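Taking the hints into account, I'd like the entire structure generated from these sequences.
Protein chains in written order, with the working numbering: chain A, 139 to 395; chain B, -10 to 105.
No wet-lab data here; the hints were simulated from the structure.
Hints are not guaranteed to be accurate.
[To be verified] With a straight-line Cα cutoff of 30 Å, these simulated DSS-like cross-link-like pairs (lysine-lysine) come out:
1. A:Lys195 to B:Lys33
2. B:Lys33 to A:Lys255
3. A:Lys220 to A:Lys257
4. A:Lys199 to A:Lys257
[Claimed, not checked] Not close to chain B: a few residues of chain A, all C-beta gaps over 12 Å, as computed:
5. Ile164
6. Leu186
7. Ser211
8. Phe226
9. Arg232
10. His326
11. Glu344
12. Val349
13. Val350
14. Arg355
Every value quoted in this text rests on a predicted model; they were computed, and no experiment measured them.
Heads up, the beta-carbon is just placed ideally off N, CA and C, and yes, glycines get one too.
Below are the chains, spelled out letter by letter.
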Amino acid sequence: MSDDQARPSATERSAARAATNWAKSISRLNVSEVPDGAVNINVTGRRLTSPIQGFGKMWQKTYQVRLPAEQVSAIDLIATWKQRFPDFWPDGNRFYGPLTGIEPGEVALLNMSLPGKMKLSTGVMVLYADEESFTLMTPEGHMLAGWITFSALEVDGDTVAQAQVLMRASDPIFELGLTLGGHRQEDHFWQHTLTQLALHFDHEAEVDTQVVCVDKRRQWSRWRNVWQSSAIRSTIYTLGTPGRACKRLLKRDRPAT
Amino acid sequence: MPEAATRFEVRETSAAVRVIDITGDITAQSEDVLMDAYGRASTKGVSAVVLNFCGLDYMNSGGIGLLVTLLVRAQRQHQQVLAYGLSEHYCQIFELTRLDEAVSIHHDEAAALAAA
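Written out as structure tokens, the structure is:
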């Protein structure tokens, strides 16, 4: 057999790369293992949502930080980012990633802090991951319908780390929340993350933020998304905590028959 | 990245329909060329834009993001977006990302043009 026959064609290589880097097709999310301390109330059984299924205006937000390429290459930066993803987040927000790490198709649970000491439980699925980027996509009920891509690129002697969000608020309540300070909070969240990522490589840098409104229209036909709102369901779950504790106590005190 | 190999060529199949033939990779770096092709395709009187993926080599998540942006631009112009020539794998990616709810997917050009 000649070398040409043994070697896969460019098309075969691309197909293999696509099969490895993209998540397998699923209709609804499934959380295989719930880590200790994580709340899984808005993820299992939910479908993924792209910006097409969202309610609010459509935004593309890009956050970038530059590091000297001699300090870290794009590939090493992404490897570290995948491995230590939650470490760079602001305090009070938890990312319960799968034990296997950021791999296509894996589902992570999120327990977030919102203004007013509100707790929100939701999740994300790893839609795509390669050596230079990875993308997380949101399920129904998440505050945002869309995805966020983390990538790194070497440009003019610098390694540019980037987080890019493409999303709409998923329902009218989250749209109102974004307008009343949610956008600012989201910007702060990713600016903090990128600052911490740069500090991990011993580099202090300003985060460059670009915000583009891709579509000013709201998709009113999607207002019903509110029924799956993770904010509402998380609040109901929190309010029910004393009741669940009492039920557990009563069960424990009841003699076994 | 082999971005230089990426080409988007526009064909006029009727007064109201344009086909964009895609060759190579679609990634976030393809934004300028893709939007330029859409600008050339989206002339007055065009009501449908058909994306021909027969020559698609590779698409990453940045590429899917670009297609969403193109779709929003087309919706603003009251244009329909159709697609054909997607491999089985990318058909599944369209389903996974729920892009198939807004882009009508067909087996070949004849079927796409008939639906346009």
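Against the structure, the hints:
no.	hint	verdict
1	A:Lys195 to B:Lys33	26 Å, holds
2	B:Lys33 to A:Lys255	52 Å, violated
3	A:Lys220 to A:Lys257	25 Å, holds
4	A:Lys199 to A:Lys257	24 Å, holds
5	Ile164	7 Å, violated
6	Leu186	7 Å, violated
7	Ser211	15 Å, holds
8	Phe226	20 Å, holds
9	Arg232	24 Å, holds
10	His326	23 Å, holds
11	Glu344	22 Å, holds
12	Val349	15 Å, holds
13	Val350	9 Å, violated
14	Arg355	8 Å, violated
The structure fails to meet hints 2, 5, 6, 13, 14 from the earlier list, while all remaining hints are met.
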